[in-house]
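In our numbering, the protein residues as written are 29 to 685.
Just so you know, the hints here were simulated from the structure itself, not pulled from any lab data. Each hint can be trusted.
Simulated pairs of lysine-lysine, DSSO-like, Cα-Cα distance not exceeding 30 Å:
no.	residue 1	residue 2
1	K546	K595
2	K612	K678
3	K207	K638
Pair ranges (Cβ atoms, derived):
no.	residue 1	residue 2	range
4	K207	D435	14 to 24 Å
5	N221	E286	25 to 35 Å
6	N588	K207	34 to 44 Å
7	Q115	G468	43 to 53 Å
8	K287	K71	51 to 61 Å
9	K417	D136	52 to 62 Å
These numbers were taken from a predicted model, which means no experiment stands behind them. Note that the Cβ used here is the ideal one computed from N, Cα and C, for glycine as well.
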Amino acid sequence: MESKDVIKQMQELIRELNIHNHNYYVLDNPTISDLEYDRIYDKLLLLEKQSGIVLENSPSQRVGGAILEGFEKHEHMHKLYSLDKCQTLAELKQWLENTQNKLDKNADFTMEYKFDGLTICLTYDKGKLLTAATRGNGVVGEDVTAQVKTIKSVPLSIEFKGLLEVHGEGMMALSTLKKYNETAEDVLKNARNAVAGAIRNLDPKVTASRNLVIYFYDVNHAEDKTFESQEDMREFLRGQGFKVHNYFKVFSDFTDIEKEISNIDDIKSTLDILIDGTVLKLNKVPLRKKVGYTNKFPRWAMAYKFEAQEVTTKLLNVLWSVGRTGKITPLAIIEPVELAGATISRATLNNCDDILRKQVKINSYVFIRRSNEVIPEILGLARDTEDSKIIIPPDYCPSCNSHLVNDGVNLYCKNINNCPEQIMGRLVHYSSKNAMNLEGISNKTVDQLYKKLNVCTPADLYKISKEDFLNLEGFKDKKTENLYSTIQNSKICKLENFIYSLSIDNVGEKTAKDLAKKFETLEHFQHATFDELNNIENIGEITAYGVLDFLNTQYSVIDNLLNVGVKPQEYIKKNTGENYFNNKTIVLTGGLENYTRDEATKLLEDLGAKVSSSVSKNTDLVVAGEGAKSKLTRAKELGIRVIDEPELIKLIKLQTK
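When you get a sec, could you build the whole thing from the sequences and use the hints?
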């Protein structure tokens, strides 16, 4: 085959591969299976090998070549300015008013996420990627072209043929970071460091291994082309195949800006990327020229920074606790530090394997991050001290002193029937709202029941007399009567609640309901086989084996409950028929007037819907009640149908006529 025919064939294969790459990595909308993609890619590689010809925009150039000896300097076409920053709404309002005063009339301002990654500047000419560079000092950066070429969302060629300089933020998704750390020999401390370490690594293969993305937001230079607004700039970038983040708003009123910042602050911990604030810019480019620049910043832009979500502090000690299933969990005691509006003195470490991978030690400084307003997690080691000491896992249970067993990445206490913390943990769980709902049984009550009445199993709860309760601290006639009645009335219960109450390892509320749906009766559940369990959607081998182990070794827990009169009812499958809600994924957000959240969830599930706690591309409907915020915002961004409570009631009535 002649060279020109080979090149033509390569160009066609590259065009096809680039379309699929763009759909997958930029639009998050795959249009071909991995197998089909690999076939096309392998065909291109074979042609390149046979001919010795490799075109500049070939996807084969993304895998990373030889290790570089060092970084070349790169001078940007125009200075890359930093952004001025503020941390209070009062400062932001003052900036906005000062900016407005420099103009003849009120102007629109755009709002975008302030990405917490590494700024990258790309230069194209004649439609080809020439160079990629770090920001550096804004005038000169480091040439990282070989590294950036491995990022699959970055186009190697574009339609615009003039000289072009664009910049964006290199990012590593939090889900990607988590997946990477699961098998990495050296754990990456956080997503920000992971990006910087990948881009500024002399081995491009390291960059490729981290699956980075770059979100583009600015055109620094475009030959013979002008832009009217930030909106125009974004559309240009998107049209050239650059990955542009979906979040983008335009405001003219500060009250709306203030509300939106509050919304973003609420949802930032649910995002799959790190952001540390928002960026506001004058939308119209001609107006920016009127406002101008300082030596460091454009006067027409301002970054509003959120309170830090990640800090470093000293790890003082590790406490080990045993849960209701026997799993031993480490809890880090840290030097108190302010984080996200709270003073933090404890943080989670998942297990022994987590401690080893993160290389954390007692008396070392560690990175901690707080998400979703819960106890923070230790991300990794910041630095050691002279007093740093390796964390040694316990050999014996901190509750019953039994020898611990290493089961995969976790330690377990197998002294199921005689370990105090396990016993009390199972009683608390059995009594909880979403299990048997024994209202009135608190942790303190369980402690008394175990220590004073020798209540060790859920079945023992049904043997307690009213006189027994009266002998406990804080119990009087009315409280005793109420709790005694609650316990006795719980004997008639739903199958899913009963299964959940048993404290089977890895069986939460959702799995318990799936099991109840599958087996319908307790008897059928007790005779479950591995294949039956493993074939249930969302139940894998680990959970299936866990259920079987419980049924084979702890069957007396169920037998004893049946002997004291507990009667789990047959699971009744609802005839959902052809109604609007059947097989739809629905999210409830905000406050409802006519239903509690549990009531609405049950009603929708009875109609065949799946009720989810988070909004995603797979969500079909969002029901927004009073005070709905972040989930409502996310639904609007994704174009998902949103209804209010009156419309929900109307739809339910139509389906249940």
